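K.L.:
Below are the chains, spelled out letter by letter.
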Amino acid sequence: MNSELLKTPLFAGLALWAGLAIPYVRIALETRLTTHVLIELLGLAVAGYLIGIGLRPILAHRLRRWNRFGLSGLAMAISCGAVWMLPRWLDASLDSVAVETAKFFSLPLLLGVPLALSWPELGTIGRGFIKTNFLSMLLFFGWLYIASPVRLCNSYLIDDQTLLGVSFIVIAGVLSLLWTVPLFIGGAVASRKTSDRTSRFTEDKTYAVRPID
Amino acid sequence: MRTLVAAFLIAAAGIAVFTWATDGFRAATAEGVRRLAVSESPVTIPGVTMEDMDGRVLHLPQSGGKTLLIEFIYTTCPTICQDLGEGFSQVLETVRERKLDDQVGLMSISFDLENDTPEMLRHYAEHHGADGKIWKVVRPTSTSDLEALLATFGVKVLPDPLYGFQHNVAIHVVDQTGKLARIVDADPAVAIEALSEKVDRL
Chain U
168 MNSELLKTPL FAGLALWAGL AIPYVRIALE TRLTTHVLIE LLGLAVAGYL IGIGLRPILA
228 HRLRRWNRFG LSGLAMAISC GAVWMLPRWL DASLDSVAVE TAKFFSLPLL LGVPLALSWP
288 ELGTIGRGFI KTNFLSMLLF FGWLYIASPV RLCNSYLIDD QTLLGVSFIV IAGVLSLLWT
348 VPLFIGGAVA SRKTSDRTSR FTEDKTYAVR PID
Chain V
2 MRTLVAAFLI AAAGIAVFTW ATDGFRAATA EGVRRLAVSE SPVTIPGVTM EDMDGRVLHL
62 PQSGGKTLLI EFIYTTCPTI CQDLGEGFSQ VLETVRERKL DDQVGLMSIS FDLENDTPEM
122 LRHYAEHHGA DGKIWKVVRP TSTSDLEALL ATFGVKVLPD PLYGFQHNVA IHVVDQTGKL
182 ARIVDADPAV AIEALSEKVD RL
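Taken in order, these protein sequences are the chains called U and V. Residue numbers for the first sequence follow our numbering, beginning at 168 and rising by one. Residue numbers for the second sequence follow our numbering, beginning at 2 and rising by one.
No wet-lab data here; the hints were simulated from the structure. Predicted, not measured: the structure shown is a model, and the values here were computed from it.
Which residues of chain U face chain V? A partial, calculated answer using Cβ under 10 angstroms: (1) Arg232; (2) Trp233; (3) Ala242; (4) Ile245; (5) Leu253; (6) Pro254; (7) Asp258; (8) Pro281; (9) Val317; (10) Leu319; (11) Cys320; (12) Tyr323; (13) Leu324; (14) Ile325; (15) Asp326.
The calculated SDA-like cross-link candidates involving lysine to any residue, where the alpha carbons are at most 20 angstroms apart (straight line), are: (16) V:Lys100 with V:Ile193; (17) U:Lys270 with V:Ala14; (18) V:Lys180 with V:Glu198; (19) V:Lys134 with V:Leu101; (20) U:Lys270 with V:Ile16; (21) V:Lys100 with V:Gly66; (22) U:Lys270 with V:Ala22; (23) V:Lys199 with V:Pro62; (24) U:Lys270 with V:Ala29; (25) U:Lys270 with V:Thr20; (26) U:Lys270 with V:Val18; (27) U:Lys270 with V:Ala17; (28) V:Lys199 with V:Thr178; (29) V:Lys134 with V:Gly179; (30) U:Lys270 with V:Gly15.
For glycine and all other residues, C-beta sits at the position ideal for the given N, C-alpha and C.
Using the sequences and the accompanying hints, generate a full structural model.
P.N.:
Here it is as structure tokens:
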């Protein structure tokens with residue numbers, strides 16, 4: 168059990184989480200909207216995801232009956248993500264210690280960890296659904312941040328908002344290529360790689376021998 | 002089955018939190034939050050001392066029970082604050098036409114204490130037709146008064162490397178009792194409509 172806990176992703180996640188919480192780093196990232204969202208918020212979610220990968224061996228099978236097809240975990244991750252997409256809470260996190268603290272705990276624990284625990288439970292259709300929705304969300308917010316004549320965050324300059332919008336569009340473009348190109352060239356290779364990666368992180372053979380993936 | 006129950010409960014909790022986090026789907030931005038907050042419970046504005054374009058001292062809240070429309074500006078602003086001035090001059094015209102001089106006041110408050118001397122205030126006033134009676138262009142006399150004003154009104158002023166400042170733009174309605182009661186878009190038609198809720202003859 169202990170040696171399972173010492174898996175690298177868990178520690179990478181904890182280190183990333185701690186690193187983002189260093190006051191100097193935090194303040195530096197929060198001076199610009201783009202770094203606040205793309206490095207801090209995304210970093211917190213990724214930290215939680217890595218921690219979740221580390222926790223899979225001890226948690227995934229215990230939660231499975233409560234989290235078939237990853238439904239419960241996804242509901243939690245989507246709820247958490249929806250709140251932090253509201254510009255008002257980004258503004259509020261700059262002015263309120265309580266909101267800032269909530270941000271630093273909820274994004275890893277209520278978004279990253281449940282997503283990591285649920286992703287292997289999802290079938291191809293579920294994953295496709297999440298990915299396409301994520302892409303359309305990025306494009307929508309990208310367009311909104313570029314086109315809005317008013318600032319959506321009172322604490323950030325309008326140029327920064329435009330830059331974040333452009334970044335969202337670019338990220339959506341890159342992700343859609345990454346997710347679709349393998350379908351046209353060597354789809355079998357891509358799917359084998361995915362199951363390899365899953366089993367390597369979890370050491371749980373049930374993922375590797377799942378019939379549909 | 003267990004999954005369905007768990008997922009349902011989590012989704013319900015998520016929707017409840019999201020509803021709370023948007024004040025019932027009414028405010029997604031900090032600007033929306035401050036507008037909603039004052040319309041639901043008007044805020045008493047702090048007592049501050051200001052000087053106008055002629056160097057005359059005046060106090061806020063004003064005695065005399067006028068409804069005040071307030072904008073925050075800096076006179077060296079190349080864009081929005083000049084539009085604000087144009088908008089206010091249209092409101093001034095309406096106020097004059099309907100002879101509401103004794104009931105309505107307009108106030109452009111500069112937050113750039115460093116550059117906006119009374120001469121600069123007068124320049125802005127003359128450029129946009131502020132008469133100094135119904136429409137006054139003023140600045141707080143101290144930094145602490147300025148900060149108290151900005152905090153109460155919920156105005157954030159950010160230094161901008163290119164243009165000087167960026168700030169949230171709106172028209173603030175302060176009622177006869179000295180309370181900030183409405184915050185609306187900086188559009189003369191919208192401002193007049195907001196005024197009509199406070200002033201009978203409009």
